[in-house]
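Student: In case you want the letters, here they are:
There are 2 protein chains.
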Amino acid sequence: VENFDIEFPPQPSRRCRVFFGNGLFGRAAEYAAALSGESRIAVIADDRVAPLYGGDLLRHLQAARPKADLVTFPAGEGSKNWQVLGRLLQRMVELNIGRDGVVVALGGGVTGDLAGMAAALHCRGIAWLQLPTTTLAMADSAIGGKTAVNLGGAKNIAGAFHQPAAVFADLDTLSTLEARHFSAGLAEVVKTALITDAGLFARLESAQGALLDSSSSLLQQVLARCALLKAEVVARDELEAGERALLNAGHTIGHALESASGGQLLHGEAIAISLVLECRLAQKLCRFPGRDLQRLVALLQSLDLPTAVPAGAVPEDVMRFISADKKNRAGELRFALPEAIGRAVTTGCEWTVSVDPKDIIGMLRKE
Amino acid sequence: VENFDIEFPPQPSRRCRVFFGNGLFGRAAEYAAALSGESRIAVIADDRVAPLYGGDLLRHLQAARPKADLVTFPAGEGSKNWQVLGRLLQRMVELNIGRDGVVVALGGGVTGDLAGMAAALHCRGIAWLQLPTTTLAMADSAIGGKTAVNLGGAKNIAGAFHQPAAVFADLDTLSTLEARHFSAGLAEVVKTALITDAGLFARLESAQGALLDSSSSLLQQVLARCALLKAEVVARDELEAGERALLNAGHTIGHALESASGGQLLHGEAIAISLVLECRLAQKLCRFPGRDLQRLVALLQSLDLPTAVPAGAVPEDVMRFISADKKNRAGELRFALPEAIGRAVTTGCEWTVSVDPKDIIGMLRKE
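From first to last, the protein sequence lines are chains S and E.
First residue of the first sequence: 1, per my numbering; consecutive thereafter.
First residue of the second sequence: 368, per my numbering; consecutive thereafter.
Accuracy of the hints is not assured; some may be wrong.
Using 27 angstroms as the maximum straight-line C-alpha spacing, the simulated DSS-like pairs for lysine-lysine come out as follows [said to hold, decoys possible]: (1) E/651 <-> E/694; (2) E/725 <-> E/694; (3) S/284 <-> S/327; (4) S/358 <-> E/725; (5) S/358 <-> S/327; (6) S/366 <-> S/284; (7) E/651 <-> E/733; (8) S/358 <-> S/284; (9) E/725 <-> E/651; (10) S/67 <-> E/725; (11) S/327 <-> E/725; (12) E/694 <-> S/67.
These aren't lab readings, by the way, just hints derived from the structure by calculation.
Take the sequences, apply the hints, and build the full model.
Tutor: Here is the structure:
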């Protein structure tokens, strides 16, 4: 037997620039043009956002660089699948996007996941930008480079880590966001505060009305703060070897509720319900205070978010999705749980807590 | 405008262990079992290799770890597409492979590309091993972590860099490789020698007959040497920012000939023809010696490889595929060309040479 080792040296560090403000399309376009050099730019947006903001962004891009095209797909979580991703990649081949081309994701979480994965795979990875247009994408999904599609009934099961070069969160785009989606995104803000920042949580409690106003400066501050808190975690643990798992709080039961609802629950709504359920688990397993649970429920309700499992949900169905969750390790269910508002349970070198399936199904039945 | 930067520190270095020898399945199985801990292992193989070696490998794996399954797909380059990749990922979800699961690619270049891409995407990347069973995969494609599928008529356009943890090249598996495929893989050996190692090239010239004998110790030495030469380049430039582009010698015209042939030419056969054509270009553009061109043609012929464009190939068709190649930069065609046997043209900071499309089509017409 002949043998040798190939040693791959560390990949160099990378930087992602993040901007929150109003009227950022011009700046984003200049950034994309500088990044793409002489090459083509593909703006990817769904068919709800494209008519609202696609033309405006394209004009800005084409002022700086003529080779920009708009690529669209049907709006909604249902598009986050293998077939739609394949069609986006096919379109990028037709547009002759080269390995020095640039993808611009214009939209919410679904668009970021699809466009980011397309950028990750096309020519084995090209540069991309995120222009989030929802509260959810601004506070959470545009940060951290996770991209994915759903497949075989499993949420986000096929994907890639691929950091965008920059994120431009233009608050103006929130003015056209439906109220239900606006609220849903704030569930991610609550999650981040619950697990990492008691001060932010208290600020959310006192702000309330202002958080539902897209033009309030408080909203911008809160979304930017939330993005920064997430950025600090993902910079320390980009590939989720440990600490980043904390950001999955509310996401194990949440993904299962979302999948089991067959599209009835928005992602953020499922997260809101799941935060309540997981805090009940934490109350049982980690002495999470009852008072903090009441504060959580009150805050979510003030943001027009659901806090109880929908009447139609079948506990066994939800449980089946939980068992298939990709965050499980060696068949063990592991949850990121808070021990109090603003503080996650971290025991030694573990960031997540092993949970007995019986405890989960019991709690789903109680609902 | 509020803004901040996220600094992602370098990802740690990684190691890939490479073994060449006989009877390596037991060793590979132990390695896979150690890597997967309590989790499941998916062996991915095509329906030609699975009946030959799948059962044997599975027995070895199951001796060490019971949770191993065989996942198959139809043999041939035609399977290297988005739909087949989607079905493999779907099967991995059904098998409940977790993020600590392991993929084992058992087969040639197509299997490595498909299984490696499935491993790269499942749960955003899980560990994998390569067990190459062809001369092509042993000498070339199993090394370096490039994975991809063809899409929209473009070869390898959608893919990922995802290094295997180890490569076990078991020469015993070559005993069942068809002569035509056996020869085709040796085209990659000739390529590597041509572009990086005059000594290896001379050794190939003097070896000849022994290279076509799967049990010759010379064959093992030559394949392992070729893998090591490639490993040295990819370790210095994993993501093909520069030097790695040298390994694309013969691959720009080669991919186009392969695609234009509609499956008539094997990858290695197209590379053999393309090496001759690209050396003619090099003769015109970079003073590649006429004597070296004669040596190249003679060596390829001694290995039963084609050296001329097939009679049916339409130069304009081939040219269209060349124009769509993902290695083009800003619309410019760039080739890795040798200046003599064993030495690539490298000018200053450039590893590739800009080539006028007229020169290529002229040369294709002359054929």
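Student: Against this structure, judge whether each hint is valid.
Tutor: Evaluation of the provided hints:
1. Restraint check for residue 651 of chain E and residue 694 of chain E: the C-alpha separation of about 22 angstroms stays at or below 27 angstroms, so the hint holds.
2. For the hint linking residue 725 of chain E to residue 694 of chain E, the alpha-carbon distance of about 18 angstroms falls within 27 angstroms, and the restraint holds.
3. In summary, the hint linking residue 284 of chain S to residue 327 of chain S is supported, as the alpha carbons are separated by about 22 angstroms, within the 27 angstroms threshold.
4. Restraint check for residue 358 of chain S and residue 725 of chain E: not satisfied, since their Cα atoms lie roughly 71 angstroms apart, outside the 27 angstroms limit.
5. A threshold of 27 angstroms between alpha carbons decides the hint, and for residue 358 of chain S with residue 327 of chain S the separation of about 18 angstroms falls inside it, so the pair holds.
6. A distance of roughly 14 angstroms separates the Cα atoms of residue 366 of chain S and residue 284 of chain S; the hinted pair therefore holds under the 27 angstroms criterion.
7. Pair hint residue 651 of chain E plus residue 733 of chain E holds up; C-alpha atoms about 14 angstroms apart against a cutoff of 27 angstroms.
8. Proposed proximity of residue 358 of chain S and residue 284 of chain S is supported: the alpha carbons are some 13 angstroms apart, at most 27 angstroms.
9. Proximity of residue 725 of chain E to residue 651 of chain E is assessed by CA-CA distance (about 13 angstroms); at most 27 angstroms being required, the pair is judged to hold.
10. In summary, the hint linking residue 67 of chain S to residue 725 of chain E is supported, as the alpha carbons are separated by about 25 angstroms, within the 27 angstroms threshold.
11. Taking the CA atoms of residue 327 of chain S and residue 725 of chain E, the gap is about 54 angstroms. The hint is violated against a cut of 27 angstroms.
12. For the hint pairing residue 694 of chain E with residue 67 of chain S, the CA-to-CA distance comes to about 19 angstroms; that is within 27 angstroms, so the pair holds.
In the structure shown, a violation is registered for the earlier hints numbered 4 and 11, in ascending order.
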